[in-house]
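*Asks:* Assembly of the complex is requested from the two constituent chains, each provided in isolation within its own frame, with the hints serving as guidance.
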Amino acid sequence: MNHNRQSNDGKHDDDSALSDFLASLMDYTPTIPDELVEHYLAKSGFQCPDVRLIRLVAVATQKFVAEVANDALQHCKARQAAVVKDKREKQQKDKRLILTMDDLSKSLLEYGVNVKQQEYFADSPLTGIDPATRDEVRIMLLLC
Amino acid sequence: MNNGCLENRKKEHDNSQKRPKSYKFGSKSDDFALAIAKVAVAQLCESVGFQGFHLSALETLSDISVRYIYSIGKTANLSANLAGRVEGNVFDIIHGLEDLGSNLGFSGASDVDRCVVSSGVVKDITHFVGVSDFIPFAYDVPGFPVVKESTKTGSFWEKGEDPPGEHIPSWLPAFPDPETYATRLSVENETMGVSNGKKTESELERVERNMDRSLLNLQLRFAHNENKGGSSHGSGYVATESNPYFAAPLHVGEKEVSSVVLPTKLSNEVALRNPVHVDVGNHVSVLETFAPAIEAMKSGLCDSDNVKKKLLYDQRPTVRFKIGIGKKSLGTMSDLNSQNEEDLLKIASWFGNDNEKDDKKRRVEKILKESVESSKE
Chain A
1 MNHNRQSNDG KHDDDSALSD FLASLMDYTP TIPDELVEHY LAKSGFQCPD
51 VRLIRLVAVA TQKFVAEVAN DALQHCKARQ AAVVKDKREK QQKDKRLILT
101 MDDLSKSLLE YGVNVKQQEY FADSPLTGID PATRDEVRIM LLLC
Chain B
1 MNNGCLENRK KEHDNSQKRP KSYKFGSKSD DFALAIAKVA VAQLCESVGF
51 QGFHLSALET LSDISVRYIY SIGKTANLSA NLAGRVEGNV FDIIHGLEDL
101 GSNLGFSGAS DVDRCVVSSG VVKDITHFVG VSDFIPFAYD VPGFPVVKES
151 TKTGSFWEKG EDPPGEHIPS WLPAFPDPET YATRLSVENE TMGVSNGKKT
201 ESELERVERN MDRSLLNLQL RFAHNENKGG SSHGSGYVAT ESNPYFAAPL
251 HVGEKEVSSV VLPTKLSNEV ALRNPVHVDV GNHVSVLETF APAIEAMKSG
301 LCDSDNVKKK LLYDQRPTVR FKIGIGKKSL GTMSDLNSQN EEDLLKIASW
351 FGNDNEKDDK KRRVEKILKE SVESSKE
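Sequence order for the protein chains is A and B.
In terms of the UniProt record's numbering, the first sequence opens at residue 1 and continues consecutively.
In terms of the UniProt record's numbering, the second sequence opens at residue 1 and continues consecutively.
Excised from the complex, chain B in its bound form (with noise of 0.2 Å):
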């Protein structure tokens, strides 16, 4: 805790480290909250003299002091609802400060008659506030909680468009453009004209048609959130604009999803160490995000631990389906395995043409030799 010339101590048998804590004050989305109340509590332990605390103690009286605040909130809003009123008043306060104050008794609290205006509560706190120093929190606090800005649902009325059909409301959101659903059509009409022996490729190739619009839809909702949110995680992560439901469709074994632009750091890493497919510059393809899960099966088969050890610490693809590519890829792998020598010397030789980072050059190079050897074997 930074909190200017205060230390913290910690007791070994301070039972700091795990608690049962309940929803209201100790869940996840009050630490902000809890972290600012230990703050203030801190700052005004120091003025009444203390030098330092135990981290258990200062959590337990800023947790006592936050419940406070709730108390008097929730007695001031019963006494308002009693009255018929909605919004609290400083009558319905001061009856919480009594209600609180009354194990500990303040002045004239026995008296039947009084009147909440002339309440000991409030000449103690006005006799406090003369009596104590000044003493300001130590930071900016900023309004919180911030308020997330709705997404818009894609609507026909915030489109402006006139929904087709008196029988839509226009609050729903908005049809796809018609191209996409109708050049789809033609293809299954296609299938189902021609595939009446053929029947399990169709329903094969329909069932991998799903899987890469799934993964197409997924991708691009990642995309479109790390646009809209403008995340640091995800900076250099750009989708490019195409319309998806404009590509032909896909099919067994190739997967061509809208490209993602990677720092140039992991491009290079990732264009190296995919066999398959190249892309010049930063455009890598889903094939190519996935790679390390390739490459984790295939270093499963080959044993090599420099690879995977790279795999595990640099490569951070942007949607895992591990289990789907690998079913997918096992039609593929018996074949990348009997070219995989083949392929990896065709890396080395490819990487001849690359001028730019001879160091990442030479790496890989020994990472290839290393990955050879041990196939070999």
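Here chain A stands alone, though its shape is the one from the complex (with noise of 0.2 Å):
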């Protein structure tokens, strides 16, 4: 009985705890604009017309965004870290820091999100080959 009591009292406060972040969410405009939010989820078949679950969902999105790109963001800081105690010159030069396709890759295989890329494209198979035996590959293609 006491247990039961407590947790309604619990849940109630949960509940205002929820309401009141929802209105909270109206004073904070997400950077990911709602109109955009609002196709997506048309898109999905969702449909509400209450504009806070909107923004939640707009919050969530910028969040998780967020918290990639901060990954992102430390794996470059490492790799410039490892760079460092090669040359100096390099630190001066880096300080820019520029997401890369590698950085996204490594920080989105933590979040389940699988993006592989290729390391090089090879227009023909000659390519990457030193001139002299090119020549000779290339007169055996055409003697075949």
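In short, the hints are calculated from the structure, not lab data.
Take these hints with a grain of salt, some might be off.
What the hints assert, rightly or not - The following residues of chain B were derived to be distant from chain A, with all beta-carbon distances above 12 Å:
no.	residue
1	Ser150
2	Thr151
3	Phe156
4	Pro164
5	Pro176
6	Glu179
7	Arg213
8	Phe246
9	Pro249
As the list claims (entries may be wrong) - Computed beta-carbon distance windows for the label pairs:
no.	chain 1	residue 1	chain 2	residue 2	range
10	A	Asn114	B	Ala83	29 to 39 Å
11	A	Gln74	B	Pro136	23 to 33 Å
12	A	Thr133	B	Gln51	39 to 49 Å
13	A	Ala122	B	Phe134	44 to 54 Å
14	A	Ser19	B	Ala83	19 to 29 Å
15	A	His12	B	Leu34	36 to 46 Å
16	A	Lys95	B	Ser71	16 to 26 Å
17	B	Val147	A	Ala78	41 to 51 Å
18	B	Glu149	A	Ala17	42 to 52 Å
19	A	Thr133	B	Asp140	55 to 65 Å
20	A	Asp15	B	Ser102	53 to 63 Å
21	A	Arg134	B	Gly26	29 to 39 Å
Note that the coordinates shown come from a computational prediction; the quantities given were computed from them, not determined experimentally.
By construction, the Cβ of each residue, glycine as well, lies at the ideal position given by its N, Cα and C atoms.
*Replies:* Structure follows, in structure tokens:
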């Protein structure tokens, strides 16, 4: 009995916390615009006339993106710190932090998103061979 | 990408050129939303501390964030439907968020008896809102997608007419005025009565009339659409209000369709180049709009490069029926060829009367001289 009463009070607190939070969302405008979120929610079939829920989704997405970007930033800084040990000049040059596919794929991997890229692209089978052997190979291919 | 002080760099081996795009998030209709997402994501990354991006990385991250929104919506819709509701709820959204956050984990995920209201996901978000800075979106976003106004079908009900006969429902489009098809019937009766031996000719005429009619309709439809949309693409192209059904039926070699008002520059060029029809002022008949096609054929025979070049760069006919016109005018082409020199000389004399634009006159005379010389060769 006591336990039930306590849990009921707890639920009321949680309810009020949630409703307060939703109310506070109207003051905080998320970076992701409402129209964009509405568009994609409509695309997925989710109908809702309540603006607060759209703000909630927008804030959740913002949090997700911020976390991914943060992790990528950590990777980028770690890489620069590793390089600095070799040359001091690079430290002054590479103060700019740039979001690369490498860092992004590493941080997304922790979130369960697998983004893999080709390491290099070759136009033809002869790419990357030195010119002398390339001519030989080309002649061989022509003769065949 | 314009986003304040951020710069975008593109490495050579980034596969940003050709990607097999899935229809949901890569189709052309989604470009606008994706662009907005790119700007928002770029702003967020800037706030985190990045000073630049690779374009491919930015595109990937914005695509993923868009899919995140989409999957939240999908899960929320699913849970709402399971509960027998059509509209979503805050609890549905929290369910969706928990689903997405389940592989990374949130506080209280392992509790069996937990209530959605006290979910760890919401607490995380609350904390995030309290901590993060307020970054407004850089641009003003209009509501999209824009809903098109449905075009009126011209039904009986809309026109306020009573449909002739009870078997015709009022939502069907109204009949055209009876005068329009009455005259046509009489003409056809005449041809039927006269031509028993001339069957082939009447058939030809009928075929040509059908072609003319379809041409007419198409051009009218273009003019109608341009009138409705008010597009700047066709600015200056205005169809005069004449009922085509009242016009006399067309004969071989003649084409009179509702005139089109061209902008003065274009109309002058067209008037200059057409050897058969000359209209004073801005009105141009259909034959003039097909003038480039006719000219192209002529120039193909005459070998004048200047005319070709001018045609390619300056002229924009409203309706392209090059094949049809080609077939038709082949009969008349041979006639034109013999009169070519005379016509071109005629044009030169005509422009002696034109007082307005001297530069264009001089240019035209140059072109004509060149084409005359080349035809002589």
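*Asks:* Each hint needs a verdict: does it hold in this structure or not?
*Replies:* Okay, the hints, checked on the actual structure:
| no. | hint | in the structure |
| --- | --- | --- |
| 1 | Ser150 | holds (19 Å) |
| 2 | Thr151 | holds (24 Å) |
| 3 | Phe156 | holds (36 Å) |
| 4 | Pro164 | holds (44 Å) |
| 5 | Pro176 | holds (41 Å) |
| 6 | Glu179 | holds (49 Å) |
| 7 | Arg213 | holds (43 Å) |
| 8 | Phe246 | holds (48 Å) |
| 9 | Pro249 | holds (52 Å) |
| 10 | A:Asn114 with B:Ala83: 29 to 39 Å | holds (33 Å) |
| 11 | A:Gln74 with B:Pro136: 23 to 33 Å | holds (26 Å) |
| 12 | A:Thr133 with B:Gln51: 39 to 49 Å | holds (43 Å) |
| 13 | A:Ala122 with B:Phe134: 44 to 54 Å | holds (48 Å) |
| 14 | A:Ser19 with B:Ala83: 19 to 29 Å | holds (20 Å) |
| 15 | A:His12 with B:Leu34: 36 to 46 Å | holds (43 Å) |
| 16 | A:Lys95 with B:Ser71: 16 to 26 Å | violated (37 Å) |
| 17 | B:Val147 with A:Ala78: 41 to 51 Å | holds (49 Å) |
| 18 | B:Glu149 with A:Ala17: 42 to 52 Å | holds (46 Å) |
| 19 | A:Thr133 with B:Asp140: 55 to 65 Å | holds (60 Å) |
| 20 | A:Asp15 with B:Ser102: 53 to 63 Å | violated (24 Å) |
| 21 | A:Arg134 with B:Gly26: 29 to 39 Å | holds (37 Å) |
The structure does not agree with the numbered hints 16, 20 stated previously, though it agrees with the rest.
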